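Position chain V relative to chain Y; hints supplied.
In order, the protein sequence lines correspond to chains Y and V. If you count the first sequence from 1, position 49 lands on 49 in this note's numbering, and the numbers rise without skipping. If you count the second sequence from 1, position 29 lands on 29 in this note's numbering, and the numbers rise without skipping.
Among the hints, a few may not be true.
Here are the simulated DSS-like pairs of lysine-lysine, each with C-alpha atoms no more than 25 Å apart in a straight line [claimed, not checked]:
1) V:K113 <-> Y:K26
2) Y:K22 <-> V:K328
3) V:K328 <-> Y:K26
4) Y:K21 <-> V:K176
5) Y:K49 <-> V:K240
6) V:K109 <-> Y:K26
7) V:K257 <-> V:K224
8) Y:K49 <-> V:K250
9) V:K264 <-> V:K328
10) V:K108 <-> Y:K25
11) Y:K19 <-> V:K319
12) V:K224 <-> Y:K19
13) Y:K49 <-> V:K156
14) Y:K26 <-> Y:K85
15) V:K223 <-> V:K181
16) V:K244 <-> Y:K49
17) Y:K25 <-> V:K109
18) V:K108 <-> Y:K26
19) V:K224 <-> V:K209
20) V:K240 <-> V:K264
21) Y:K22 <-> V:K181
22) V:K156 <-> Y:K59
23) V:K113 <-> Y:K21
24) V:K328 <-> Y:K19
25) Y:K25 <-> V:K328
26) Y:K59 <-> V:K108
27) Y:K22 <-> V:K113
28) Y:K21 <-> V:K109
29) V:K113 <-> Y:K25
30) V:K257 <-> V:K244
31) Y:K19 <-> V:K113
Computed list of chain V residues with no C-beta within reach of chain Y, every gap over 10 Å [what the hints assert, rightly or not]:
32) I120
33) D149
34) E161
35) A221
36) M254
37) L307
Read the hints as simulated data drawn from the structure, not as lab findings. The model shown is predicted, which means the values in this text are computed figures rather than measured ones. C-beta atoms are modelled at their ideal positions from N, C-alpha and C, and glycine is treated no differently.
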Amino acid sequence: MIRDDIYEYSLDSHHDEEKGKKLRKKIYFVTVLLTVVTIVEVALGALIKQGSGAWPFVKWSFIILTLLKAGYIVMSFMHLGDERKAMRYVILIPYLIFIAYLIFICLWEGTAVGENWPSTQGL
Amino acid sequence: MAGHASKQIDAKTLWGGKTSPFSTSYGKLMMWFFLVSDALTFGGLLIGYGMTRHAVDTAWPIGEETFNSLPFLGHGYPLIYVALMTFILIISSVTMVLAVEAGHRMDKKGVVKWMIATIIGGFFFVGSQAWEWSHFIHGSEFGKIELADGSQAIVKGHYGEVENFTIIEAGHHHSKGDVVKAGSHGMTQEDLDHDYRHAIAEGHVEGDKIFLHDGSVGKVAKKKNEHMELIVKSDGSEYKIGDKIEDHEKAATMYSKATTSGIKDNVIFGANLEQNEYGPQQYGQFFFFITGFHGFHVFSGVIINILILLGAMRGVYHKRGHYEMIEKTGLYWHFVDLVWVFVFTFFYLV
Chain Y
1 MIRDDIYEYS LDSHHDEEKG KKLRKKIYFV TVLLTVVTIV EVALGALIKQ GSGAWPFVKW
61 SFIILTLLKA GYIVMSFMHL GDERKAMRYV ILIPYLIFIA YLIFICLWEG TAVGENWPST
121 QGL
Chain V
1 MAGHASKQID AKTLWGGKTS PFSTSYGKLM MWFFLVSDAL TFGGLLIGYG MTRHAVDTAW
61 PIGEETFNSL PFLGHGYPLI YVALMTFILI ISSVTMVLAV EAGHRMDKKG VVKWMIATII
121 GGFFFVGSQA WEWSHFIHGS EFGKIELADG SQAIVKGHYG EVENFTIIEA GHHHSKGDVV
181 KAGSHGMTQE DLDHDYRHAI AEGHVEGDKI FLHDGSVGKV AKKKNEHMEL IVKSDGSEYK
241 IGDKIEDHEK AATMYSKATT SGIKDNVIFG ANLEQNEYGP QQYGQFFFFI TGFHGFHVFS
301 GVIINILILL GAMRGVYHKR GHYEMIEKTG LYWHFVDLVW VFVFTFFYLV
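For reference, chain V alone in the conformation it holds in the complex:
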């Protein structure tokens, strides 16, 4: 800010010791140097991501295909959620800079107020990221399917929910003639669809039969999937990367053929470190590492902010005569926001 930094000092005094040539305190300078090294880490990660993406190119998933859900509202909202997360982080950066500004006026009340706002913003961001990870790990309603020619495709469309399983062969729990549906056997609609997807991934669905955990066999009644579209993500003997099967009927038939084949892992839901619904395996690894590493920074930032808030409330900095501690933690917090700006662009937008 103003003050010493803008005063003219001759070079001999400046570089001759006692005063800092940068006119900043030791602590602030070291925070900057730490941030440069941390920025190099994130830069390296993002550039490594870019390199992999350039090598894989067309098979790489598009952000708006992968991230298109909102909590409570379902699918069909490309990028809105991440945009919201970005906005939350920007706002918490603003409240932080307001806390710094209040500190420069020795306004203890203002510092406490804005620090609390910043911490709330940080918690919201970490929570949003947890939701997004959970969504990414569990996957979409359709999953990625392997087609008859060996190619793999991701699926878009309107999901038709499962109506019920009618038991045709008894097991430990279910007897013949039982109808498992939403509202019976303690099942919700979500449980029913979840169990069906799980059975598909395990290869426990053959034709219209589902083999349940207790050894019983059920007949599946399910609403039709509509507006189906397949996007090929890896080559097979017939379809190549980037091919789209946009004929809804044909896509629906191919999809149901793949899901009812009874072969394990013919359909993959979600992503983990071994398999990945959205595209190449490295996509999942980079997603987990980069957003995870960033989320870890946000989390530690929130913890540091809480400690500094406690210090400010106890009047530690007021007694010291300046609120530079707020400025230093502020630098770290803005840096977290800065990294997110780049993650947002290169992971979600481009």
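Same shape as in the complex, but just chain Y:
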């Protein structure tokens, strides 16, 4: 059944060969970027031992690089960056607020459990 009251959004994303070329260039750029970031992560992990002086720095670089990778996947591969602003925020903001809260509360709690309840060590 074809309904005439619905706008066919699916057709909006069509593009021609010329635009496609540009888009593919961007895709290859993101590919190289994601690969390089992964290689850097593994190299850091292999070269710097956990517990050494530089470890906190390495740990935070892992987290930042991961967020960078995630950002490129969501914004570029999943095309969220090309969607309307309202949609972008509806997807991202509730999620980020909830997860930030959960990270804060759980890691805080976990640390407190570890410090005050030594029997959890080495279960």
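Structure of chain V alone, referenced to chain Y:
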């Protein structure tokens, strides 16, 4: 993409019905909402993992200590295998986005080509995960040992393989004087080492004697373990968490004392839901659940991709006038990749 999304529409038309305020189709929007809820599930799992890890802290196993093997090449390659898995998944994400791009040009041939590549990548990833699980379940060559003071330690070093068992007491199969070695009795070197490890875990090795399944008793000839190092993972009366016994000779002696005690479960190989070689028990549970749940997503993603590929080959979407189906499955597939990026960091790297 471009088009309607970038056109200016006044607010009254936008929110007044008929058009979508997000300028996307119903299907795509619902896929996004599903992904948000799925992301909350994975977020909850990973944060639960983080909470346990913060509570246990020093006893937690380090990724590069646990995952350091490659198929056919053995040990000593920390994290290379998971990095390879990550790379496979990223590439299959790229081929997926190329399929979406081809769909936007109504290029049916391109869509089919890139979808096939994506499916192959997905199968490779699922297969890699199966190998990794098998490796995780079977454990390392050394296992985790319980020391004389009650502490537990994991072991690093070069494993000296078993040369043979010389039977000194006959059983159902073996008679006295038999030499069980690689190439005899249908045994390979791998079988021999596997049987020896199994006997250790069961407490069937005492001193240089091994008690075999058929009731016979053998004398073990084994090459020496070299470069041995113990890392304590739970407190005992003498050693504490994080202690390292780096004196190779001393570590080798302590290791062989633990393995030849004849006590069941004095040495644990691999991980299951009841015991775990690598560290705290929850580590195993989280590993199985999180990577398993993710692997299940990859597997269902591959199945969905195959169905969509069949649709594309039959020309269903071409007749429809747009390839939005590819875009929607693509969203799911990229999401699987996205989750893996986080699992990779928080399970293996940090």
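Are the Cα positions of Y:K49 and V:K240 separated by 25 Å at most? holds (20 Å)
Is the straight-line distance between the alpha-carbon of Y:K22 and that of V:K328 25 Å or less? holds (22 Å)
Hinted pair, alpha-carbon criterion (25 Å max): V:K108, Y:K26. Please report holds or violated. holds (21 Å)
Does V:D149 clear chain Y by more than 10 Å, comparing its Cβ with all Cβ atoms of that chain? Fine: 14 Å to the nearest Cβ keeps V:D149 off the interface.
For the pair supplied as a hint, V:K244 and Y:K49, is the alpha-carbon distance within the 25 Å limit? holds (14 Å)
Below or equal to 25 Å on CA atoms is what counts here, so check Y:K25 against V:K328. Answer holds: Y:K25 to V:K328 is near 22 Å, not above 25 Å.
Quick one, are Y:K21 and V:K176 close enough, alpha carbons at most 25 Å? It is violated: about 76 Å lies between the C-alpha atoms, which goes past 25 Å.
Regarding the pair V:K224 and V:K209, is the alpha-carbon distance no greater than 25 Å? Status holds; Cα separation ~16 Å.
V:K328 paired with Y:K26 [C-alpha distance capped at 25 Å]: Judged against 25 Å, a Cα distance of about 20 Å means the pair holds.
Do the alpha carbons of Y:K19 and V:K319 lie within 25 Å of each other, as the hint requires? holds (23 Å)
Can the restraint linking V:K156 and Y:K59 be considered satisfied, given a maximum Cα separation of 25 Å? holds (24 Å)
Next pair to validate is Y:K49 with V:K250; report whether the Cα-Cα distance is within 25 Å. holds (24 Å)
In this structure, the earlier hints numbered 4, 9, 12, 21 and 26 are contradicted, and the remaining ones agree with it.
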